Amino acid sequence: MRHIISVLVQDHPRVLNRITGLFARRGFNLESLAVGTTHVPGLSRISLVVSGDDRTLEQVEKQLNRLIEVLKVTDHAEPHVERELCLVKVHVAGVEERLAVKDIQEAFRARVVDVAQRSLILELTGDSGKIDSFLEALRPYGILEVMRTGAVAMSRGERTLKVREKREAV
Amino acid sequence: MKGAEALLRALEREGVEVVFGHPGGAIMPVYDALYDSRIRHILVRHEQGGVHAATAYARASGRVGVVMATSGPGALNLVTGLADALMDSTPLVAITGNVPRALIGTDAFQEADVTGVTMPITKHNYLVQDVNDLPRVVREAFHIAATGRPGPVLIDIPKDVQLAEFTGSFEVVPDLPGYKPTTKGHPKQIERALDALEKAERPVLMVGGGAQHAHGELLAFAERTGLPVITTLMGLGAFPGNHPLWLGMPGMHGTVAANRALHHADVILAVGLRFDDRVTGKVARFAPHAHTIIHVDIDPAEIGKLVRTHVPIVGDSRLVLREMLKGAKPLRLAAWWRELEEWRTRHPLRWRPKPHLQSQEVIRAFHEATGGRAIVTTGVGQHQMFAAQFFPVTRPRSFLTSGGLGTMGVGLPFAIGAKVARPEELVIDFDGDGSFQMTLQELATLVKYRLDVKVVILNNGYLGMVRQWQDLFHARRYSEVYLADSNPDFAKLAEAYGVQGVKVERKEDLMRGVEAVLAASGPVVAEFKVYQEEGVFPMIPAGGAAEDMIIEHPAEREEVGA
Ligand SMILES: Cc1ncc(C[n+]2csc(CCOP(=O)(O)OP(=O)(O)O)c2C)c(N)n1
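Line order of the protein sequences matches chains A and B.
Heads up: the first sequence begins at 1 in the UniProt record's numbering, then just goes up one per residue.
Heads up: the second sequence begins at 1 in the UniProt record's numbering, then just goes up one per residue.
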């Protein structure tokens, strides 16, 4: 089963290394990883897409929690918003193709972010399934390049990954 | 004050009294500061010896062990020992020098990415970039190493940071918002556990290394309830090895009684252990009748990792047992004990006597001569299993061996660390001729610090444990395991270091040898030439289950179904 997991971490050097190393070492299957800072200085948030059975997922969470720099781990089983950003450069030979690609672009509500003589760059956000279908639709026209960010997620409603900002004395 | 001096101040504030290590260019400022410090330094001959000694120091004393090394080769020589300490949950702090910050990442002389290399084999590690961070990093490292599930923490300090002027404070605020080990067990789960035990007909208390510090509570709990107790290799000594409730060690070379008890148990209370495959055998066939497995462990990730747990209790084994003791009642286990007693008396640990001197009888003789009052260390192999079988220890922190990693060569450095930690104790290293030769240069450390350690080499002329597997599972094709044609004369070797040497070759000289070792003032290396083709039994073949237990060599076969 595919799971999307959010991890809140202290953004120390090598923290990503620790996380990817953990996946490699324990034989967990990591499909994608997206990282960015949060509104709290010093904290970053990571979205991981992982596949495995319940037992594996339980271990993934527990092993992530063991890392000293990990503050919180959430498996988004509850209602959540999931998004991925994709940039795709597609080959357009002539006017006819350009129009066909434009139809696809409109159908998916993608945006054109670069126009050149023989190619377009399109930008699309959506869940990963939507991006898969978008790329499938474009495939016949000749995809030159694809860059996907990997999925990010956030729970709907009141649930948050917030932590106390206070430091604790040891 | 320079960074190096601030480091030592910080170590002193943690109560560090002894550091094991080996100097080098990238850690010279620290060694310079050490010259004026009241911290005692033990110079080893190889960094691996240092990290193992620090590990044993920690395990024998219950404090944090500390080891130091220089950059690159020095630090990399710590790798095996760090992995060993991680696998056996030992609190350790390793301090390594690194090249100056400006040279990091340039393939400088003696540079290695030590934090990168040690990431998977430490609980946590640090590369210190700012001299003023040193007190905080040291405070955090000791806290992380000693609390929760203990483990090794490495602090890598570039040389220029050691030399930089320290202007910070020692009154530090640790920055560990993600680190909050749970120590108190959940009251509801504790209640459920007690309930399950009360209803059990064939309960077993199974104890691992995570309960070494809970020996008092453990004894009280077992005596109150009357539960049969088994201790894993790492748990040996956590419960007295001469107690009537003790059934021995489970697993590959465990006792018949311990393995059968697990096989037939309906409720298992497992405390401070991680269900290593050397203990469970094939997990799918482990404890098939246990409808309730209660697992007490401080590391939540251990619970349910390998074996299905019905009552998970995350917490410190000592605190959990203390809580459990409040509700513990004497259990009615007479029928169960009749069965256990039968297995125990019918299949005690034993060996088939041969005309040659045998490892088992050497170990037994030392046990008898000392009344079991010693700290025992071992290498890895058959002699390790024989020591576990025939030298039952009665006190905690008294059987020091490499359980999880199975590291050959730990015997002598472990003995050094144990003797430094508990100088008043008799320390005996039961070693193999193979294992001993992996770290024998530490004889020099024994001599330098006049550490009265007794090294007993059970010389079977083989890498015995490997030979045993080749014997049983590879049609006796003894590929690359023969040592006797090239072993040194161990007694002479010891004498070359200035250590007394003893050699015993015949059965009739056994007692004389044992007495010579125990009577000697100062360190001894004693070589006992033992039967070359001995096997360790009982044995459950790798991946097998309790039912597959072999009690004797197939040539003299007696199999014991569970
Ligand atoms: C560093 C290391 N290398 C290899 C092994 C694999 N190994 C396990 S037991 C063993 C043989 C040990 O021989 P010895 O120390 O002479 O002890 P014996 O089994 O003969 O008692 C070997 C090679 C190991 N455990 N550790």
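By construction, these hints were calculated from the structure, which means they are not laboratory data.
Predicted, not measured: the structure shown is a model, and the values here were computed from it.
Note that beta-carbon positions come from the ideal geometry of N, C-alpha and C, so glycine has one too.
Be a bit skeptical, because a hint or two may be false.
As the list claims (entries may be wrong) - Stretches of chain A that chain B covers, calculated by requiring three or more beta carbons in the stretch to come under 8 angstroms of a beta carbon on chain B:
(1) 53-60
(2) 74-86
Stated by the list, open to error - Dumping the calculated DSSO-like pairs for lysine-lysine here, alpha-carbon to alpha-carbon at most 30 angstroms:
(3) K62(A) / K305(B)
(4) K326(B) / K180(B)
(5) K162(A) / K188(B)
(6) K162(A) / K305(B)
(7) K326(B) / K72(A)
(8) K188(B) / K62(A)
(9) K62(A) / K184(B)
Here's how the hints hold up against the structure:
With 3 residues having a beta carbon nearer than 8 angstroms to a beta carbon of chain B, the region 53-60 of chain A meets the requirement of three or more and the stated coverage holds. Judged by the Cβ-Cβ criterion of 8 angstroms, the region 74-86 of chain A is not covered by chain B as claimed, because only 0 of its residues qualify and three are needed. The suggested pairing of K62(A) with K305(B) holds, with an alpha-carbon distance near 10 angstroms, which does not exceed 30 angstroms. Between the alpha carbons of K326(B) and K180(B) the distance comes to roughly 26 angstroms, so the proposed pair stays at or under 30 angstroms and holds.
The straight-line distance between the Cα atoms of K162(A) and K188(B) is roughly 28 angstroms, inside the 30 angstroms bound, and the hint therefore holds. A hinted pair counts as satisfied when its Cα atoms are at most 30 angstroms apart, and K162(A) with K305(B) qualifies at roughly 28 angstroms. Annotation: proposed proximity of K326(B) to K72(A) is violated, straight-line Cα distance about 34 angstroms (limit 30 angstroms). Only pairs whose Cα atoms come within 30 angstroms are accepted, and K188(B) paired with K62(A) is accepted, the gap being roughly 21 angstroms.
The straight-line distance between the Cα atoms of K62(A) and K184(B) is roughly 18 angstroms, inside the 30 angstroms bound, and the hint therefore holds.
Of the numbered hints stated above, those contradicted by the structure are hints 2, 7, listed in ascending order.
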